[in-house]
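Protein chains in written order, with our numbering: chain W, 62 to 372; chain R, -16 to 234.
Be aware that a few hints might be false.
Which residues of chain R face chain W? A partial, calculated answer using Cβ under 7 angstroms [as the list claims (entries may be wrong)]:
#, residue
1, SER39
2, TYR62
3, ALA65
4, GLN74
5, THR77
6, LEU95
7, MET102
What the hints contain is simulated information worked out from the structure, not anything from laboratory work.
For every residue, glycine included, the Cβ atom is placed at its ideal position computed from N, Cα and C.
What follows is each chain in one-letter form.
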Amino acid sequence: MKWIAAAPLAALLVLLPSFAGEFYVNLASQILIAAVFALSLNLLVGYGGMTSLGHASYLGVAAYISALLTSRYGIAHGPAAVLSIAGTTATAAFFGIIALRATGLGFLMITLALSQVLWGLAYRMSNVTNGDNGVAGLTRPMPFGISLDSAASFYWFALLVATFAFLMMTIFVSSSFGSSLKGVRDQPRRMAALGFNPWMIRWITFIYAGFWGGVSGLLYVYYNKYIHPTSLSTTSSAEALLGVIAGGSGTLGGPMVGAALVLLLKNYASAYIERWNMLLGLVFLFIVLVMPTGIVPGLGRLVTGLRRGPR
Amino acid sequence: MTPQMSNHALEVIDLKKAFGGLVVTQSVSLAIRPGERRLIIGPNGAGKTTLFNQISGDLRPNSGQIKLFGTDVTRFSPYKRAHFGLSRTYQIITLFSGDTLEHNVTLGLLGLRPSRWQMWRPLSFYGDLATEARRTLDAVGLLHLAELPVSDIAYGEKRRVELAMALAQKPRVLLLDEPLAGLSNTERSQVKSLIASIPRETTVIMIEHDMDTALDLAETVTLLNYGRVIVDGERDAVIADQRTREVYLGA
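Here chain W stands alone, though its shape is the one from the complex (with noise of 0.2 angstroms):
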C-alpha cells in the first residue's frame, strides 16, 4: 500500500524538470542535497541517541577534498570523488574515536569542538584552502559523458544519488545492525549484557553517517562549483539539526521534510526579510511546541487522530 502511495509522488519527482522552471528545479536539486546529509546525521540522532553539533564536518572535508584535487591538482572527478569520500570516510573514523570517549552533551561539545578545528583550518591554512575565497571556478563532472552543467540534468544525477542513499539508510536502520543501533540507544548496557558490543556499534555508525555526509557534500560542491569554509561552520551543522529534529528524528521522512523546510524558509524568506533567521528561528519555536517530537510523527498522530474520529 505504502510503495502505491509513494508512486504519483516517485513520478512527480522525476518529471519535476518538464513543468518547472529552473529556479525550482535548482531548489529541488538543493533540497535533495540537503536531504542526504539531514538523512546521514539523523542515523547518529535519531537512530544513534547521538547528537552532534559537528556534521558539517564530513560535508566540508569531501567538498574541499574533490574541490582541491580537481582545481589545484588537476585529478579527474572520478578519481577525485573516491579519494574524497575515502577520506571523508576516514576522518570520520579518527573523530568517531574521539568524540565517543564521551555520550550525551559531552559527545556533542567534542563533535562541535572537532569541527571548530576543521573551520578554523579551512579558513587559515589559505595556501592550501584559499582561505576566505573559498575555493571557485570548479567544474561538475560528466558520469559516463552526460554533461550535468543544465539544471535539469544535475537534478536528475541529485535524484538518483538521493534516491539510492535513501534506499541504503532505509535499509541500515531496518537491517540487523539498525536493530543493535536503536537497542544501544534505548538500554546501552542491556545491550552489552546479551553480547553486543556498544562502542563498535556507534562508532560503525558514526563513520557510515560521514561516509553518506561525504557523499552530500560532494553533491553540495558539485551543484555550487564553489566551496568557502561557511559550510564547515557550526551553523551549518547547526541549521541540519535543527531539520532534523523539526522534521522527526529517527524517522525516515522527518529529516527530508525538515531539510526542505530549512531551504525553503532561507530562499523564499530571505527575498522578504532581512532577519530570516529569526523567522527560521519562530518557525522552529511553532514546531517544537506543537510538535514536540517532530512535523512528520506530529502529522502522523494527527491523520490516525482523525481516523479514529473523535472521542
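Model the placement of chain R on the given structure of chain W, informed by the hints.
Just chain R, lined up with the frame of chain W:
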C-alpha cells in the same frame, strides 16, 4: 581463551569492591558447580545486586577474580562475558519498551549471532530468528502477546519477558535478579515452574526474597550481609544455621 579444566561453572575469588569509603563487597568467594541452583539471600543493602553487577561486568571489582568455567573473565567487558555463556536478568525491568515482545526476544538471540553486524539485509528477512523468538515466548506463555509493544503489557508479563530474553540465549550461567519481585501469587507459581524447567546445562544463580518459592528451587544457598559471605552451603544446612536466623530469617 584456552579452555581450562575446571570443576566450577562460576568461581568468585576474594572479590572486593568499595564505593569510596563504603565497602559493598568484602572478600567474597563463591564456587558454583555446573548445573547447580544457587540462591543468594541477604537483607537489603547486603551487596547482592552489586555482586551480580561485578559478575556480569557492569562493575569492575577493586580486587579479586571472577572465573567462568575456569577462564578468568575479571577484565572482560560485559558483552564478552555474554559470548562466554553468561546471561542475566535485572531487578528493575530493563526492556525495550517501544518494541514488540518478539523484537525484544529477537535482540536476545541476535546478541550472540554474527548476523547482528549485518547492515544490508532487513532483520525481517531472518525467519529463523522470528521462529526461535516465538518459540521462547511460547515457553514463557506469552506467545499470544508477541506482536504487542512491551509498554502495553502488564508488569508480571514484563518479568517473564525479562526471563525470555535471557533464556533465548541458552546461557551456561544464568543470573536471575529477583525474578519474582512484585508478582501476584498466580504469576509467582508460573515463573517458579518456568525456572524449575530450565535445563540442567544452565547453571542458575538467583537473588530472591520470596523464601517460600525460592527455597524450593534452590539446592545451595549463600547468605550475604554487609558485603560478606556469612553462611554458604547446602540449602537445609544454611537454613538451619543459627546465623541465618539472626541475620535474615528472624527469630
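Double-check ALA65/R for me: the hint is only fine if its C-beta lies closer than 7 angstroms to a C-beta in chain W.
-> holds (4 angstroms)
Hint check: is the beta carbon of TYR62/R less than 7 angstroms from a beta carbon of chain W?
-> With a minimum Cβ separation of about 5 angstroms from chain W (threshold 7 angstroms), the hint on TYR62/R holds.
Cut-off 7 angstroms, beta-carbon criterion: hint that GLN74/R touches chain W = Violated - the Cβ of GLN74/R stays beyond 7 angstroms from chain W, reaching only about 13 angstroms at its closest.
Regarding the hint that THR77/R lies at the interface with chain W, is the smallest CB-CB distance below 7 angstroms?
-> Interface hint status for THR77/R: holds (5 angstroms vs cutoff 7 angstroms).
Return the status of the interface hint for LEU95/R: holds when the least beta-carbon distance to chain W is below 7 angstroms, violated otherwise.
-> holds (5 angstroms)
Agreement of hint MET102/R with chain W interface, Cβ distance less than 7 angstroms | Status holds, d = 4 angstroms.
Against chain W, with CB atoms and a cut of 7 angstroms, does the hint on SER39/R hold up?
-> holds (6 angstroms)
Hint violations for this structure: number 4 only, all remaining hints satisfied.
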